[in-house]
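K.L.:
Protein sequence lines, in the order shown, are assigned to chains P and W. Heads up, the first sequence is in the working numbering, so the first residue is 1 and it goes up one at a time. Heads up, the second sequence is in the working numbering, so the first residue is 1 and it goes up one at a time.
There may be inaccurate statements among the hints.
Unchecked claim - Result set (EDC-like, lysine to aspartate or glutamate): computed pairs, CA atoms no more than 20 Å apart in a straight line:
no., chain 1, residue 1, chain 2, residue 2
1, P, 377, P, 485
2, W, 193, P, 454
3, W, 177, P, 367
4, P, 377, P, 367
5, P, 280, P, 263
6, P, 245, P, 231
7, P, 137, P, 189
8, P, 250, P, 454
9, P, 475, P, 291
10, P, 290, P, 176
11, W, 177, P, 373
12, P, 370, P, 380
13, P, 290, P, 485
14, W, 201, P, 367
15, P, 290, P, 203
16, P, 415, P, 444
17, W, 201, P, 342
18, W, 193, P, 138
19, W, 177, P, 371
20, P, 280, P, 313
21, P, 475, P, 231
Treat the hints as calculated values from the structure; they're not laboratory data.
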Amino acid sequence: MILEARNICKTFGATVALSDAYVQLRSGEVNALVGENGAGKSTILKAIAGVHNIDSGSITIDDKEIKIGNMKDAYANGISIVFQESTIDPFISIAENIFIDRLHEYGKPLRGINWKKINQDAQEILDSMESDIDVKKDIRALNLGQWKLIEVARALAYNPKILLLDESTAFLNHNEAVSFVESVKKLREKGMAIGFVSHHMQEVYDLADRITIMRDGNFIMEMERSEVNQERLEAAMVGRNIGDKLYPEKRTAPAEEVILKVENLEVENQLEAASFNLHKGEILGIGGLKESGGDAIINAIFGAVPIKKGKVEIEGESYTSTVPAASLRRKVSLLPGERTLEGLIVNFSIGDNIVMSAGPKKGLLRDKKKEKELIGKYVEQVKIKTDNPNNPASSLSGGNMQKVVIGKCLATEPKILLLNNPTRGIDISARQEIYSLIRGLANEGLAIIMLTEDLLELLGMSDRIIITRHNAISKIFEENNGLTEEDVISYIV
Amino acid sequence: MNEKMGKLKKYFPFILLIILVAIFTTGNSRFLTFQNFMVIAQQMVVTLIAALGMLFVIVEGSIDLSVGGIVALSAIAVTMTVDQLGAFAIIPAMLVGVVCGLINGCCFTFLKIPTFIVTMGTMTSFRGLVLILTGGSQIMITNRPFLNFYNGQYIDGVNNNVIMVIIITAIVWYVFKNFAFAREVRAVGGAEKVATLAGIKINKIKMGVFVLCGIMAGIAGCFQSARSYAATPTMGDGMEMDVIAAVVLGGTPMSGGIGSVLTTVLGTLIICILSNGMNIIGLSADIQKVVKGIILIFAVCMTVDRKRMGVIK
Numbered sequence: 001m002i003l004e005a006r007n008i009c010k011t012f013g014a015t016v017a018l019s020d021a022y023v024q025l026r027s028g029e030v031n032a033l034v035g036e037n038g039a040g041k042s043t044i045l046k047a048i049a050g051v052h053n054i055d056s057g058s059i060t061i062d063d064k065e066i067k068i069g070n071m072k073d074a075y076a077n078g079i080s081i082v083f084q085e086s087t088i089d090p091f092i093s094i095a096e097n098i099f100i101d102r103l104h105e106y107g108k109p110l111r112g113i114n115w116k117k118i119n120q121d122a123q124e125i126l127d128s129m130e131s132d133i134d135v136k137k138d139i140r141a142l143n144l145g146q147w148k149l150i151e152v153a154r155a156l157a158y159n160p161k162i163l164l165l166d167e168s169t170a171f172l173n174h175n176e177a178v179s180f181v182e183s184v185k186k187l188r189e190k191g192m193a194i195g196f197v198s199h200h201m202q203e204v205y206d207l208a209d210r211i212t213i214m215r216d217g218n219f220i221m222e223m224e225r226s227e228v229n230q231e232r233l234e235a236a237m238v239g240r241n242i243g244d245k246l247y248p249e250k251r252t253a254p255a256e257e258v259i260l261k262v263e264n265l266e267v268e269n270q271l272e273a274a275s276f277n278l279h280k281g282e283i284l285g286i287g288g289l290k291e292s293g294g295d296a297i298i299n300a301i302f303g304a305v306p307i308k309k310g311k312v313e314i315e316g317e318s319y320t321s322t323v324p325a326a327s328l329r330r331k332v333s334l335l336p337g338e339r340t341l342e343g344l345i346v347n348f349s350i351g352d353n354i355v356m357s358a359g360p361k362k363g364l365l366r367d368k369k370k371e372k373e374l375i376g377k378y379v380e381q382v383k384i385k386t387d388n389p390n391n392p393a394s395s396l397s398g399g400n401m402q403k404v405v406i407g408k409c410l411a412t413e414p415k416i417l418l419l420n421n422p423t424r425g426i427d428i429s430a431r432q433e434i435y436s437l438i439r440g441l442a443n444e445g446l447a448i449i450m451l452t453e454d455l456l457e458l459l460g461m462s463d464r465i466i467i468t469r470h471n472a473i474s475k476i477f478e479e480n481n482g483l484t485e486e487d488v489i490s491y492i493v
Numbered sequence: 001m002n003e004k005m006g007k008l009k010k011y012f013p014f015i016l017l018i019i020l021v022a023i024f025t026t027g028n029s030r031f032l033t034f035q036n037f038m039v040i041a042q043q044m045v046v047t048l049i050a051a052l053g054m055l056f057v058i059v060e061g062s063i064d065l066s067v068g069g070i071v072a073l074s075a076i077a078v079t080m081t082v083d084q085l086g087a088f089a090i091i092p093a094m095l096v097g098v099v100c101g102l103i104n105g106c107c108f109t110f111l112k113i114p115t116f117i118v119t120m121g122t123m124t125s126f127r128g129l130v131l132i133l134t135g136g137s138q139i140m141i142t143n144r145p146f147l148n149f150y151n152g153q154y155i156d157g158v159n160n161n162v163i164m165v166i167i168i169t170a171i172v173w174y175v176f177k178n179f180a181f182a183r184e185v186r187a188v189g190g191a192e193k194v195a196t197l198a199g200i201k202i203n204k205i206k207m208g209v210f211v212l213c214g215i216m217a218g219i220a221g222c223f224q225s226a227r228s229y230a231a232t233p234t235m236g237d238g239m240e241m242d243v244i245a246a247v248v249l250g251g252t253p254m255s256g257g258i259g260s261v262l263t264t265v266l267g268t269l270i271i272c273i274l275s276n277g278m279n280i281i282g283l284s285a286d287i288q289k290v291v292k293g294i295i296l297i298f299a300v301c302m303t304v305d306r307k308r309m310g311v312i313k
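Whenever a hint applies, use it, and build me the whole structure from the sequences.
P.N.:
In structure tokens form, the structure reads like this:
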């Protein structure tokens, strides 16, 4: 069975999401859709699944044209989708979650649900996926990866031939994602045609039989797994060759003086006895699984979580910060991990966001002259692509929004800059700009701690590397000359 | 389509104002006269002062339902001190506002209770206090200097309280535009988490807006007592409705982060024209309540920011 979507066009108001998209899905194969943010990967999946109505184009199954006006049509044609955002209701049972849109089939009004039947059917689907989830368990006791599998089970309840997975691993931690990918492989073996979108290239390499590359709502090319190499793929995604220049040159000069000294830092339930130094002008990378202690380190230094024990010394002066405001006075600045929830206010102007943290004052009054000066300076320094800083931050792309947050941090004139996943969800060309910006700041003497879940980024950017595991530091690499993923991974898991 | 909606939202208060004026003028030719507009200006004084305080609360992302109670309490404070202080009886009125604002602010920031609940509670308590203090009957004000100062005319044809409210509005406008405090209020209303991480002391800001709202309600209470020559047990009853509607009708969304003094003036004007016009064309007080409630829902519907769904991934 082959599904083909040809010349798909879809606009949202003035925004062209898909202009000429193509995708082909075959039984027993995983087709991974890759491309930068806004390339249209999710949109085309949703178009095939009947979530969005397409403006023009054709969808065929085995050369027979099908019409998909809504999700019901898609189900009737054997197409099911699993969304990126969780659609699990934690207050009802697993079985109810799986059959959420067909509960009427398991009971009549006023007579309640036929629990025996619904549980049996649900368990059957879960077993067919070879998952170890027991349908009678409390759904709240399961992890996010298992929740995702329940959503897959919901999609499978329609007996689809085609399964569409939209960034299913985006919110999962490493272990959950690995076991999710294994489950997808099992579905493939059973002959399912799978359309797969993920930002994690490692998963794409691991899973895909073919890779469809999209850019700006257009189909660029389709490659067999065997033809793919990273360089070629990235070049096709971005539309130009980035080559080895993604990461700037590391530091060559010997370490300068220590600016931050951390001794036996402890955070309740999040971190045990961490000790390390940070020098001026270096980038200290912190790697490890999500929530394995790295976030606790930088949040504790910044005062966003309370310190239980231990000492933090800045330029020889011991201090423990309890609120972010105090840290900022000490010239410590944090770039938070969640850009749009913690980093900036999207409906405020770019300028208002930049001066939010520095907040220049003259007595009780705003220092508007200084505000203007700071905005002008940092729009230029971090190269925010805008013709007017009075535009709302929401008018920017993810990469440029992140630059606004960096500008906000720099406007406080920090001596120590803490970065929490500075390039998460940002496309590759903006990432390159942010990398060279960060390195440039280090070269000017700023001390930087960069927490990242991206292993390649960790290796590519850091002068020294801290690895965390199970809420403790498992290894500190004092040098980063030719370290490889294999060298560090054993300390991570 | 979206752009058109945006434009419509922006000019919505003006359009509403024009429609109201047109309706009331056809309903009664006395509506569009200078005398009537002085009456409307008079009626605006109290609502506007309270609305300017409420503006800060709403921009911070909260709500204060207790303003009517604060108005009544501060009016009582005026009656108790007016014979000694004369026109300066506004000071105890403001102090009452400070205390009430502190109570609201403390419950909000330290007990971490939503302000809708906090101020619903304090609204009831304040009203109870008013009944106890007045004994259920009105307390008259006979102090001439006080009444002359707030109700008199130093300039012929223009009441003092109208001039004072213009000055107060100008001051609040300046504060909202130029004070660092106002910038931080906007940030807290825009996104509390972002503001915290940006080093803004949010508890201080939250206390600040409620105290400010209390002070403004206190001032409003003083003007109200002068206008009615008394403190009455029912003074300010249901007033929070007008005050919140005034802010929101001007285009300040309940979702916080955005707002402006000038549109609040416009919103107050609309509310007062609505009341005045409905009186003039002879609608009963009961129908007026129905209309006002509908208008408030309509106003929130037009301004609130229902987070745009992520359309493209």
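K.L.:
Evaluate each hint against the coordinates.
P.N.:
Each hint, compared with the structure:
Among the hinted pairs, residue 377(P) with residue 485(P) is inconsistent with the structure: their alpha-carbon atoms are about 38 Å apart, more than 20 Å. The suggested pairing of residue 193(W) with residue 454(P) is violated, with an alpha-carbon distance near 25 Å, which exceeds 20 Å. A threshold of 20 Å between alpha carbons decides the hint, and for residue 177(W) with residue 367(P) the separation of about 11 Å falls inside it, so the pair holds. For the hint linking residue 377(P) to residue 367(P), the alpha-carbon distance of about 15 Å falls within 20 Å, and the restraint holds.
Annotation: proposed proximity of residue 280(P) to residue 263(P) holds, straight-line Cα distance about 18 Å (limit 20 Å). For the hint pairing residue 245(P) with residue 231(P), the CA-to-CA distance comes to about 11 Å; that is within 20 Å, so the pair holds. Proximity of residue 137(P) to residue 189(P) is assessed by CA-CA distance (about 28 Å); at most 20 Å being required, the pair is judged violated. Proposed proximity of residue 250(P) and residue 454(P) is supported: the alpha carbons are some 18 Å apart, at most 20 Å.
Restraint check for residue 475(P) and residue 291(P): satisfied, since their Cα atoms lie roughly 16 Å apart, inside the 20 Å limit. A distance of roughly 11 Å separates the Cα atoms of residue 290(P) and residue 176(P); the hinted pair therefore holds under the 20 Å criterion. Our distance criterion of 20 Å between C-alpha atoms is met by residue 177(W) and residue 373(P), whose separation comes to about 18 Å. With a C-alpha separation of about 15 Å, the suggested pairing of residue 370(P) with residue 380(P) holds against the 20 Å cut-off.
This hinted pair checks out: residue 290(P) and residue 485(P) have alpha carbons roughly 17 Å apart, not beyond 20 Å. Between residue 201(W) and residue 367(P) the alpha-carbon distance is near 19 Å, which keeps this suggested pair within the 20 Å criterion. This hinted pair checks out: residue 290(P) and residue 203(P) have alpha carbons roughly 17 Å apart, not beyond 20 Å. At most 20 Å may separate the alpha-carbon atoms for a hinted pair to count; residue 415(P) and residue 444(P) meet this at roughly 11 Å.
Of the supplied pair hints, the one linking residue 201(W) and residue 342(P) holds, its CA atoms being roughly 15 Å apart against a limit of 20 Å. Restraint check: the Cα-Cα separation between residue 193(W) and residue 138(P) comes to about 32 Å, which exceeds 20 Å; the hinted pair is violated. Under the criterion of a C-alpha separation no larger than 20 Å, the hint pairing residue 177(W) with residue 371(P) is consistent with the structure, at around 13 Å. Straight-line distance between C-alpha atoms of residue 280(P) and residue 313(P) comes to about 14 Å, which keeps the hinted pair within the 20 Å bound.
For the proposed pair residue 475(P) and residue 231(P), the alpha carbon gap of about 30 Å is over 20 Å, so the pair is violated.
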